[in-house]
Amino acid sequence: MPDDWEESRIQEQAQNLLRGGMFGSSLVAASGRAETPIAVQTPEGRLHSWFVPITVGNQLAGYFQFLLDLTLMGYSSFQRKDDSLDGCPVAESWTDPNTIRGLAGTLARPGETAGKPYLTYDRAPSRLAWGVPLTSPAGTKRTVLVAGQAVWESPSTDDEIDSYGGRQPR
Amino acid sequence: MPLTETQVRRLAGLELNALHFTGATPALLESAEIPSGGTQIFDTNGTLLFHRIPLVSGGTGIGYADVAANEVFGEPLLAVSTGTVWDEKAITAEATAAARKGHSPLEFNSVRFVSYSFPKIALQFLQNGREVLMLEWRTWAEVPPAVSGRPPLAPSHFERWSLIDEMPEELQRSRIAGFQERLSAWGAPALAPLSPAVITKQTFRVPGIVVKLSDTRELHYSPLQQDHHPCYELRGQQTNVWCVAASTEMLLSFYRYQYSQPRLAQELGLGTCTLPNGLPYGQEYKVVNTIEKLSSNTLNATAIPNPNWALFEAETHGNRPLISFIPGHSRTVAGYTQSLLLLPGQLPYKGLLVYDPWPPTDCAHPNLGGVITKWENFATQTYRYAFTAVLKQV
Numbered sequence: 001m002p003d004d005w006e007e008s009r010i011q012e013q014a015q016n017l018l019r020g021g022m023f024g025s026s027l028v029a030a031s032g033r034a035e036t037p038i039a040v041q042t043p044e045g046r047l048h049s050w051f052v053p054i055t056v057g058n059q060l061a062g063y064f065q066f067l068l069d070l071t072l073m074g075y076s077s078f079q080r081k082d083d084s085l086d087g088c089p090v091a092e093s094w095t096d097p098n099t100i101r102g103l104a105g106t107l108a109r110p111g112e113t114a115g116k117p118y119l120t121y122d123r124a125p126s127r128l129a130w131g132v133p134l135t136s137p138a139g140t141k142r143t144v145l146v147a148g149q150a151v152w153e154s155p156s157t158d159d160e161i162d163s164y165g166g167r168q169p170r
Numbered sequence: 001m002p003l004t005e006t007q008v009r010r011l012a013g014l015e016l017n018a019l020h021f022t023g024a025t026p027a028l029l030e031s032a033e034i035p036s037g038g039t040q041i042f043d044t045n046g047t048l049l050f051h052r053i054p055l056v057s058g059g060t061g062i063g064y065a066d067v068a069a070n071e072v073f074g075e076p077l078l079a080v081s082t083g084t085v086w087d088e089k090a091i092t093a094e095a096t097a098a099a100r101k102g103h104s105p106l107e108f109n110s111v112r113f114v115s116y117s118f119p120k121i122a123l124q125f126l127q128n129g130r131e132v133l134m135l136e137w138r139t140w141a142e143v144p145p146a147v148s149g150r151p152p153l154a155p156s157h158f159e160r161w162s163l164i165d166e167m168p169e170e171l172q173r174s175r176i177a178g179f180q181e182r183l184s185a186w187g188a189p190a191l192a193p194l195s196p197a198v199i200t201k202q203t204f205r206v207p208g209i210v211v212k213l214s215d216t217r218e219l220h221y222s223p224l225q226q227d228h229h230p231c232y233e234l235r236g237q238q239t240n241v242w243c244v245a246a247s248t249e250m251l252l253s254f255y256r257y258q259y260s261q262p263r264l265a266q267e268l269g270l271g272t273c274t275l276p277n278g279l280p281y282g283q284e285y286k287v288v289n290t291i292e293k294l295s296s297n298t299l300n301a302t303a304i305p306n307p308n309w310a311l312f313e314a315e316t317h318g319n320r321p322l323i324s325f326i327p328g329h330s331r332t333v334a335g336y337t338q339s340l341l342l343l344p345g346q347l348p349y350k351g352l353l354v355y356d357p358w359p360p361t362d363c364a365h366p367n368l369g370g371v372i373t374k375w376e377n378f379a380t381q382t383y384r385y386a387f388t389a390v391l392k393q394v
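If you read the sequences in order, they're chains G and E.
For what it's worth, the working numbering labels the leading residue of the first sequence as 1, then goes sequentially.
For what it's worth, the working numbering labels the leading residue of the second sequence as 1, then goes sequentially.
No wet-lab data here; the hints were simulated from the structure.
Note that the coordinates shown come from a computational prediction; the quantities given were computed from them, not determined experimentally.
Treat the hints loosely; a few may be bogus.
Partner residues are not named here, just some residues of chain E that face chain G (Cβ under 8 Å, in silico) [unchecked claim]:
id, residue
1, 138
2, 234
3, 242
4, 244
5, 281
6, 329
7, 356
8, 361
9, 364
10, 375
11, 376
12, 380
All C-beta atoms, glycine included, are put in the ideal place defined by N, C-alpha and C.
Given only the sequences and the hints, what does the whole structure look like? Please build it.
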């Protein structure tokens with residue numbers, strides 16, 4: 001069962017890797033901060049991995065992703081140039097549930113209410129996105145995915161992966 | 001065949017010194033000692049899995065390292081943690097108190113440490129070799145019995161399962177081979193004089209020993225690595241389903257073929273900005289056709305199913321990017337790193353430099369979106385297809 005201690009261990013691991021200099025730019029190695037890990041769930045709701053945001057100020061410079069046994073999947077950077085944070089998203093758009101719920105609201109239909117966001121992925125674990133459940137006044141449920149500023153309706157979890165990118169028009 | 005404690009201790013010293021030499025460990029590990037072979041941690045099936053070895057500096061505990069005693073891990077060093085002291089006696093005493101308090105009356109005559117859901121630890125109380133209670137380390141919650149029908153190696157919240165029993169035999173075989181290879185490297189005669197009981201960056205600074213830590217290459221403007229800076233650009237996918245179009249755009253851009261992503265999407269049959277779709281499985285040939293057509297057949301493209309590491313390495317050496325298809329997604333690869341001897345389990349032994357068009361942007365903001373993954377652990381990904389593109393020469 002993930003607990004505060006496990007989260008601190010993951011966070012420490014990320015911070016150590018960052019300071020080691022093998023991952024991330026020198027700017028991030030010197031000034032980046034490993035934030036609290038966020039659990040990544042499979043679309044079916046099982047725990048899959050850990051997302052550790054790396055921030056510089058209020059910007060998200062990149063993130064580590066670890067499997068549950070702490071195997072490092074990789075470090076992904078939003079930086080397009082090593083010495084600049086231009087183009088890096090505001091950290092809140094990837095870490096703050098209220099901000100993410102607000103983004104999901106742009107796709108909500110009249111009367112739909114947004115539930116608690118959870119970090120998941122669309123088709124492949126490297127395609128991280130927040131899932132936000134929407135419920136209509138009649139009780140119908142659907143899920144909207146949010147990745148940065150991009151918002152779209154989630155494919156059904158019983159849809160088999162049959163393409164690179166997404167489903168075919170039906 | 002599990003390693004002896006002496007072997008484990010030397011192996012721990014070599015691996016920790018190597019990791020420390022790379023600079024990937026906290027500075028406080030400098031001069032830390034490995035005082036013992038540590039605590040044996042068993043699988044739920046009773047097999048010895050690894051040793052949790054305390055790290056001590058100036059007589060004070062500063063952390064611990066997990067070192068495999070079982071070859072199924074594939075690599076010896078499983079984890080290094082600083083800030084949490086490992087004190088086997090104190091933990092056993094605390095667990096015993098918790099067991100007596102919450103589970104009275106309780107009779108047992110031995111206690112051992114078990115990884116009940118790797119890497120999570122519990123203490124198993126035994127009476128004449130038979131379990132009478134298992135408590136999770138720190139929470140002291142009772143670990144429930146194993147359930148049948150679990151998907152092998154599936155992650156769990158609070159479940160008991162055996163790492164060895166659930167690991168497929170084929171995976172075990174390949175990991176054992178990798179582990180033995182590593183042991184063999186550490187057993188080289190040149191390393192025999194090393195005394196790795198103390199962790200210090202001086203350990204490998206010995207005349208006659210040349211340690212090349214890694215082999216790393218990235219794409220450059222030309223194959224002359226020393227003359228040019230890395231030369232490759234990221235493109236975000238302009239809809240949430242256009243990873244293939246974005247990947248094709250990145251590859252063609254490297255060769256200075258500038259096409260807009262909507263134009264490439266049209267060529268690949270991926271719809272429009274307002275009505276987009278992905279590339280169906282089985283239509284991988286469209287990538288080959290598009291690259292060749294839009295380069296006026298200057299590029300010779302090839303689709304390679306189930307690509308292996310050697311392909312990514314060879315193409316990078318040829319200064320050529322690749323498109324990489326994984327289940328449900330497409331990205332490009334523009335470099336690699338691989339440790340030649342020294343990186344332990346928690347670090348990517350072989351990693352790819354991936355220009356990933358995810359997360360998406362939109363057609364109005366083509367310069368946004370995507371991430372550069374440096375490095376993607378090659379062992380944690382499934383590679384379905386790779387697409388190479390080679391310039392034709394006269």
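For each hint, the structure was consulted:
1. 138: This interface hint holds because 6 Å falls under the 8 Å limit.
2. 234: Check passed: Cβ of residue 234(E) comes within 6 Å of chain G, closer than 8 Å.
3. 242: Holds: closest Cβ of chain G sits about 6 Å from residue 242(E), inside 8 Å.
4. 244: holds, 5 Å
5. 281: holds, 5 Å
6. 329: Since chain G brings a Cβ to about 4 Å from residue 329(E), closer than 8 Å, the hint holds.
7. 356: holds, 6 Å
8. 361: holds, 7 Å
9. 364: violated, 11 Å
10. 375: holds, 6 Å
11. 376: With Cβ-Cβ at 4 Å, under 8 Å, it holds.
12. 380: With Cβ-Cβ at 5 Å, under 8 Å, it holds.
Checked against the numbered hints given earlier, this structure breaks only hint 9.
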